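Using the sequences and the hints given, assemble the complete structure.
Read off the chains here:
Number of protein chains: 2
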Amino acid sequence: MLFEKLESLHTAQKKMLAKIKSFSRDDMETIPLSDGLDRILAVNVESEIDVPHYDRCAMDGYAVRSQMVRNASRTNPVLLEKDVQTLWVHTGDALPDGFDAVVKAEDAEEIGKMVAVYRAVRKNENVGLRGEDIRAGELIAEKGKILRPHDLALLRSAGIDEIDVFRKPVVKVVPTGDELVTSKELLKPGKVIESNGLMVSAYITEWGGIPEITGIIPDDRQKIERVFHDVQKYDMIVVTGGTSVGKRDLLYDVLMDVGEVIFRGVALRPGKPTVFAVVDNTPVLGLPGFPTACVASSYLFLKPSLSKMLHRSDNASFNVRLTEKIHSKAGFTSFVRLHVDFEKMESVPVSSHGSGILSSVTRANAYTLVDENTEVVEENEVVRAFPL
Amino acid sequence: MLFEKLESLHTAQKKMLAKIKSFSRDDMETIPLSDGLDRILAVNVESEIDVPHYDRCAMDGYAVRSQMVRNASRTNPVLLEKDVQTLWVHTGDALPDGFDAVVKAEDAEEIGKMVAVYRAVRKNENVGLRGEDIRAGELIAEKGKILRPHDLALLRSAGIDEIDVFRKPVVKVVPTGDELVTSKELLKPGKVIESNGLMVSAYITEWGGIPEITGIIPDDRQKIERVFHDVQKYDMIVVTGGTSVGKRDLLYDVLMDVGEVIFRGVALRPGKPTVFAVVDNTPVLGLPGFPTACVASSYLFLKPSLSKMLHRSDNASFNVRLTEKIHSKAGFTSFVRLHVDFEKMESVPVSSHGSGILSSVTRANAYTLVDENTEVVEENEVVRAFPL
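From first to last, the protein sequence lines are chains R and W. So our numbering is basically just the index in the first sequence, starting at one, shifted up by 19. So our numbering is basically just the index in the second sequence, starting at one, shifted up by 19.
Careful, some of the hints might be misleading.
[Claimed, not checked] Stretches of chain W that chain R covers, calculated by requiring three or more beta carbons in the stretch to come under 8 Å of a beta carbon on chain R:
#1 49 to 56
#2 158 to 170
#3 173 to 184
#4 221 to 232
#5 273 to 279
#6 290 to 301
#7 353 to 364
[Stated by the list, open to error] Straight line, CA to CA, 30 Å or less: simulated DSBU-like cross-link-like pairs of lysine-lysine:
#8 K203(R) / K162(W)
#9 K322(R) / K164(R)
#10 K203(W) / K164(R)
#11 K142(R) / K123(R)
Since the hints were made in silico from the structure, they are not lab data. Predicted model, so just to flag it, every value in this text is computed and none were measured. Note that the Cβ used here is the ideal one computed from N, Cα and C, for glycine as well.
Right under this line is the structure:
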């Protein structure tokens with residue numbers, strides 16, 4: 020048996036994403052800012068205060084009237100009466116009333132009751148004016164922003180204690196296959212330890228979702244059907260295994276019955292037996308059972324799905340020079356594992372002779388895609404790499 | 020007042036790291052593999068089983084004796100007696116005794132009780148031999164590896180259920196400063212909302228540690244001293260603020276009394292008022308109170324410290340072309356925020372006119388360092404960038 024028609028990677032991704040809904044205001048939750056690391060803003064956020072919220076001394080030194088010291092210099096210091104014509108201020112203090120600039124500590128000297136100023140300052144020099152950094156009501160963080168530690172600090176300093184973020188998508192992960200067992204104690208010939216479900220669950224966590232993994236589902240039509248009985252409780256269902264065209268690959272038949280299959284089979288190596296369907300408005304992604312194919316399809320289908328739900332853009336990538344040529348099958352996009360040497364910005368393709376061999380992925384730290392019209396990428400060519 | 024002597028960034032980092040101990044076997048904990056995402060292996064891990072642990076059919080199709088079909092072709096098929104001379108097998112099945120290869124399903128056809136084979140196969144073709152991917156006892160993941168989802172899958176498929184990882188370093192975070200308040204309701208002129216402690220805590224979480232933030236400590240010698248009474252409970256103490264040379268910057272004086280100051284003041288912009296000391300064998304890092312300086316010093320001192328404890332290497336970086344020139348002060352390493360356009364692999368420096376302005380950091384997605392001997396990096400030059 021063969022796949023009837025392979026979708027190109029690009030078309031498959033496009034058809035899939037057309038069925039994935041971006042989260043809306045209904046998918047929002049309010050959390051304390053201190054829990055906000057890596058969460059995604061669901062609304063634009065405006066500052067609640069002016070920052071600074073007062074005219075602020077930006078240096079330790081002496082508050083002055085700039086007019087009075089306009090001619091000051093090292094050779095011709097201006098003498099000011101301490102605590103009357105000038106006041107000592109710390110960085111961050113409010114600029115005292117009647118003063119308009121700060122002379123840095125190292126540009127002045129106390130001499131008895133006087134302060135000798137050795138340097139002229141302009142009006143507002145060494146002063147942070149109220150609202151100079153941020154004005155109250157100013158947009159400080161946009162909907163869709165993934166909150167980094169410094170974003171949390173900016174929001175906190177703008178008076179914000181709670182934030183509205185997108186809830187995390189809940190994804191049901193369903194490892195399928197008669198051959199799967201849960202531990203090495205149960206191994207016998209023909210059996211393998213389930214690992215794709217664990218892996219996909221960890222990817223979901225990493226990409227901002229909440230995985231809910233089921234037990235192993237055997238290659239049994241009724242049991243696979245039952246997986247889809249509660250689809251509406253989830254934002255997405257991910258099934259691993261059973262997606263190919265073998266006699267035990269039942270997922271496609273079940274999906275034809277219970278939902279709408281959007282595509283089955285992608286011109287992608289590894290990753291061909293990827294299936295996407297919609298059941299009761301819930302997206303269902305079937306990932307290949309071969310581990311490296313499962314990795315490729317996770318990055319190329321699962322990650323963009325979660326990103327679309329969460330309004331994230333996944334554009335982190337970089338260019339590297341290849342130190343070895345890559346061969347790719349015409350008509351197929353190749354997902355090529357790379358080991359990037361970040362010192363040299365060079366990259367070696369990490370090859371393996373089968374899509375079952377995960378160790379090739381664990382030696383890689385990035386991947387590149389070779390498009391379907393390219394059969395060879397030459398040594399020394401520069402390719403776009405994405406972190407793994 | 021001025022710093023007596025500024026250390027170069029490189030020397031300061033080197034002196035600091037000499038005082039940071041990498042975690043040893045005593046700092047190990049055993050956790051379920053399923054909790055292992057982003058944890059760091061404390062020991063080398065060897066496979067507990069052969070993978071595959073039996074001679075495994077790598078395709079759906081027909082198990083054969085390769086000798087019998089060595090002349091098979093589309094035009095001259097070899098006919099084999101079903102269930103006697105050939106057996107149907109699924110991908111992943113054990114290769115039945117007496118057979119040595121698998122003919123793919125699409126290269127054969129059932130005709131009554133016979134199977135027509137249309138293609139020759141070599142011995143072991145479409146078979147994964149026992150131990151071909153991984154042998155029992157083979158090293159599959161090295162000490163220091165940060166566990167990614169596919170690493171978890173590899174370990175699971177090698178029979179591993181529990182792993183020994185480094186515990187997370189516990190870091191006490193101490194925001195200091197009379198000017199700090201906890202919320203906007205408490206603001207008045209001269210006060211600002213504490214945000215560095217929140218930010219540094221989030222960085223610690225991100226970089227693999229556990230932050231324990233204290234309340235705000237005022238600029239009071241005795242209260243600052245008390246911070247160091249329980250240092251031995253922590254792997255590191257990070258104090259924010261109070262590190263400069265102003266009259267209220269008491270941290271240095273306290274550290275001189277209670278421990279050994281390794282350096283005070285770094286030729287880094289922003290980030291100059293960074294202090295490092297050792298108190299009762301515990302590293303103490305004083306970070307500048309200015310937010311962007313605090314970011315720079317966090318990346319350049321806190322992150323490498325945690326990485327050294329955890330045996331991590333921090334080498335993720337990439338090259339980008341600058342679309343605007345950068346000016347840098349001679350004698351100082353500049354920490355320059357960049358906004359990288361990953362489509363074009365171009366980068367604009369994100370400038371701000373003060374180190375207090377966090378919004379410049381939140382608009383950036385990377386940084387570069389301009390070394391102390393460089394005053395100008397020209398437009399179109401390629402620089403090494405590090406993700407923010």
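Hints versus structure:
no., hint, verdict
1, 49 to 56, "holds (count 3)"
2, 158 to 170, "holds (count 6)"
3, 173 to 184, "holds (count 5)"
4, 221 to 232, "holds (count 4)"
5, 273 to 279, "violated (count 0)"
6, 290 to 301, "violated (count 0)"
7, 353 to 364, "holds (count 3)"
8, K203(R) / K162(W), "holds (23 Å)"
9, K322(R) / K164(R), "holds (17 Å)"
10, K203(W) / K164(R), "holds (23 Å)"
11, K142(R) / K123(R), "holds (14 Å)"
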